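Protein chains in written order, with our numbering: chain A, 1 to 434; chain B, 1 to 434.
Just so you know, not all the hints are guaranteed correct.
To be verified - Residues on chain B that point at chain A, a partial pick, calculated with CB under 10 Å:
id	residue
1	Val94
2	Gly95
3	Arg147
4	Ala287
5	Arg332
Hints listed in this document are in silico derivations from the structure and should not be mistaken for laboratory results.
This structure is a prediction, so every number in the text was calculated from the model and none was measured.
Idealized CB from N, CA, C, for every residue including glycine.
Number of protein chains: 2
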Amino acid sequence: MSHPTPQNAKVVIIGAGFGGIAAAKALAKAPVDITVIDRRNYHLFQPLLYQVATADLSPADVAWPIRSIFSRQPNVRVVLSEVLDIDTDAKQVVGEESRFDYDHLIVASGAHHSYFGQDAWEKHAPGLKRVIDATEIRKNVLMAFERAEISDDPEEQARQMTFVVVGGGPTGVEMAGAIAELAHHALAKDFRRINSRSARIILVEAGPRLLSAFPETLSDKAQKSLEKLGVEVMVGTMVQDIDAQGVQLENTFIPSACKVWGAGVAVKDVGRWLDVETDRSGRVAVADDLSVPAHPEVSVIGDAAKVAWKENADVPGIAPAAKQGGKYVAKRIIAALQGRPAPAPFAYKHAGNLATIGRNSAVIDFGKFQMSGFIAWWIWGVAHIYFLIGVRQPIIVAFSWFWSYVTYSKGARLITGLRPLYEEIEPEPASKRG
Amino acid sequence: MSHPTPQNAKVVIIGAGFGGIAAAKALAKAPVDITVIDRRNYHLFQPLLYQVATADLSPADVAWPIRSIFSRQPNVRVVLSEVLDIDTDAKQVVGEESRFDYDHLIVASGAHHSYFGQDAWEKHAPGLKRVIDATEIRKNVLMAFERAEISDDPEEQARQMTFVVVGGGPTGVEMAGAIAELAHHALAKDFRRINSRSARIILVEAGPRLLSAFPETLSDKAQKSLEKLGVEVMVGTMVQDIDAQGVQLENTFIPSACKVWGAGVAVKDVGRWLDVETDRSGRVAVADDLSVPAHPEVSVIGDAAKVAWKENADVPGIAPAAKQGGKYVAKRIIAALQGRPAPAPFAYKHAGNLATIGRNSAVIDFGKFQMSGFIAWWIWGVAHIYFLIGVRQPIIVAFSWFWSYVTYSKGARLITGLRPLYEEIEPEPASKRG
């Protein structure tokens with residue numbers, strides 16, 4: 001069954017994130033030929049990406065080659081390509097070099113960060129979605145200290161050592177805590193002219209509290225933990241402008257060389273590809289079986305899909321939701337191939353919300369059961385390592401992590417800049433391209 | 001003694017490679033103020049860099065933040081800066097932002113790769129000196145397989161899967177062996193349309209044999225080991241041209257998308273900085289105490305120095321030589337500060353030459369004692385891990401390495417491109433710079 005034959009149904013999956021990989025894995029024994037298309041050659045474990053940004057982990061610790069994930073699954077073909085469009089009439093995904101026929105299409109292309117229309121802010125305050133973002137932020141943070149060390153101007157030193165994190169969701173909370181620890185512990189002995197402990201880390205949130213998806217008590221605990229780490233938390237504060245010099249708030253300008261964006265995400269392209277309406281953040285509203293009403297052979301899962309969940313809330317854009325969506329669609333496709341009735345509508349099971357605050361504290365919301373502090377941090381850590389894909393990495397990540405925790409040393413503290421691979425590939429004469 | 005005071009002698013060290021770090025460490029207890037200037041924020045363990053190129057290790061495994069190396073040595077100040085010039089009259093090193101006074105200057109700026117005047121070859125056949133080179137080569141190698149997988153043209157597939165390594169020294173031998181193993185083992189299950197085992201790896205050497213610094217018997221053994229791995233070795237073969245399409249040899253053109261340069265190194269800038277003559281490869285001839293005759297307060301060590309060793313041979317450009325030079329100069333400076341006579345002239349102690357050929361074989365030349373094969377490979381591995389600086393990394397490198405050896409899997413197999421940090425730093429208004 002598992003050897004692809006020409007008459008197998010063709011499944012194309014766009015995106016090798018949590019959703020796309022779960023779908024492909026769940027189809028491992030189905031009589032289908034699967035094509036997984038991604039613009040990068042690696043799958044990213046996004047929940048730990050902020051630790052790359054703060055030099056606790058290396059990119060290779062949180063990213064896996066997609067090919068190696070499927071090396072033992074012969075019905076999967078991996079294609080490294082940008083997706084330009086979807087031809088829903090011809091049932092083809094349009095890549096850069098070729099078109100890919102599908103009988104079933106699963107769109108799992110995820111979300112990018114969004115600047116609410118202020119795209120000019122992006123170059124001053126990078127967000128955290130890709131490996132390149134994490135290494136960019138790492139470089140910005142470390143270079144700020146380097147520049148402060150070189151500078152003779154106290155005002156400029158203060159500006160270099162003021163870090164503003166915009167957005168009080170899990171990413172912003174995690175980043176602010178991690179930068180505070182980097183400044184106050186890991187770098188404390190490294191500089192001679194500046195005192196890295198005097199760095200200011202400011203977390204700005206427009207809403208009334210941090211971690212709005214969590215219960216209020218946990219928001220309070222998160223804020224207290226951050227303040228204990230030396231983070232200045234400003235809730236109910238709108239950012240009005242961001243430029244190279246700093247951040248303009250309603251009443252004050254904060255001179256800051258290094259800004260990080262954690263405020264919002266949006267979906268690109270999917271509405272255009274499918275020629276369907278989207279909501280404000282670009283998500284495609286799907287039916288209760290995750291298919292697109294106008295194109296039942298197309299499903300959208302993960303961050304790119306808008307799926308109703310409970311009173312006025314949609315299924316959240318987190319990894320477990322994407323995985324559940326991927327598995328559900330695979331099950332539906334298998335049922336259709338076997339001529340069985342479609343499974344019951346997709347029902348999202350919410351396991352909980354987790355966020356970490358530095359190396360000593362986390363907040364966990366399992367609904368009825370909530371916890372915070374040190375034990376919560378260990379549960380967070382074990383849960384994340386447990387869910388890592390791959391074999392070599394979990395052990396190394398666990399070890400890096402444990403070592404880093406014990407020593408406060410930052411082995412991965414290199415200033416390098418990663419760029420998306422396509423920008424760097426030297427174009428070859430068209431006549432020679434395949 | 002170790003707390004710097006204004007009247008301390010000022011030692012400036014250019015370059016935080018093996019030589020510069022050894023010198024600074026050896027001056028830890030001397031009454032001197034040390035400034036270590038490097039254009040990057042990390043020290044690189046170059047002997048393992050080829051393993052980054054072939055996706056066995058991550059950049060953070062072979063590179064350490066210079067600041068953390070000196071975090072417990074209070075008489076060292078680290079400055080991240082390019083060196084523009086040396087003002088030998090004023091005794092100042094001219095950086096980008098400031099000038100650095102010295103009483104003693106140690107130039108340990110190393111070597112870059114050299115294309116023997118054919119600089120246009122560089123973009124087609126990158127060499128292996130910096131982290132960016134290693135990740136560039138990794139990307140080129142992996143992308144060649146990706147392109148072959150996409151291509152429908154058998155000729156183009158063959159071109160993508162033909163790898164040419166130029167230069168039969170240790171770097172070239174190591175690279176060719178590692179690419180052969182990547183193609184024939186690690187990637188073997190990853191592709192569906194191409195057979196990575198059919199890749200050709202060609203090692204081209206202009207001289208009559210590989211590893212010319214080794215005895216002939218070891219050269220033969222190295223060649224046999226490479227051939228067993230599937231590498232085609234072409235000795236006595238000159239490269240006449242390299243372009244995007246391939247490599248032109250005397251009698252034949254090899255279509256090849258991915259080329260690696262391991263043929264030569266040269267020193268840049270040092271002669272110009274000091275306004276002294278250099279040899280053809282840019283090295284500065286130093287006195288037998290490693291000082292520059294025209295400027296006795298300036299010493300040159302490591303790859304940048306030309307130091308006589310034995311009958312018609314100079315001290316080789318390898319890490320142990322740089323370290324010994326650094327320690328020697330530190331000793332000489334301490335003697336001068338204490339008013340003691342200068343130590344005896346620098347006498348290089350040659351421990352031996354090592355080169356590895358894939359994961360099963362190495363050649364070691366300890367002079368009277370020579371060995372090759374599997375045991376030699378383990379000695380090579382243990383020796384290199386032993387000499388790694390840092391604490392966290394050796395354990396992780398050892399583990400990564402062992403795991404990679406056992407499983408043939410390439411966890412670090414990510415396609416990313418690293419660039420030197422200065423290119424990516426957004427320029428700020430001059431008025432705001434310190």
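Now the hints, each set against the structure:
With a cut of 10 Å, the hint placing Val94 of chain B at the interface with chain A is violated, because the nearest CB-to-CB distance is about 14 Å. Hint status for Gly95 of chain B relative to chain A: holds, with the closest Cβ pair at about 9 Å, below 10 Å. For the restraint placing Arg147 of chain B at the interface with chain A, the shortest Cβ-Cβ distance is roughly 7 Å, inside the 10 Å limit, so the hint holds. With a least beta-carbon distance of about 33 Å to chain A, the hint placing Ala287 of chain B at the interface is violated under the 10 Å criterion.
At about 25 Å, the closest approach between the beta carbon of Arg332 of chain B and any beta carbon in chain A exceeds 10 Å, and the interface hint on this residue is violated.
The structure fails hints 1, 4 and 5 (numbered hints given earlier, in ascending order).
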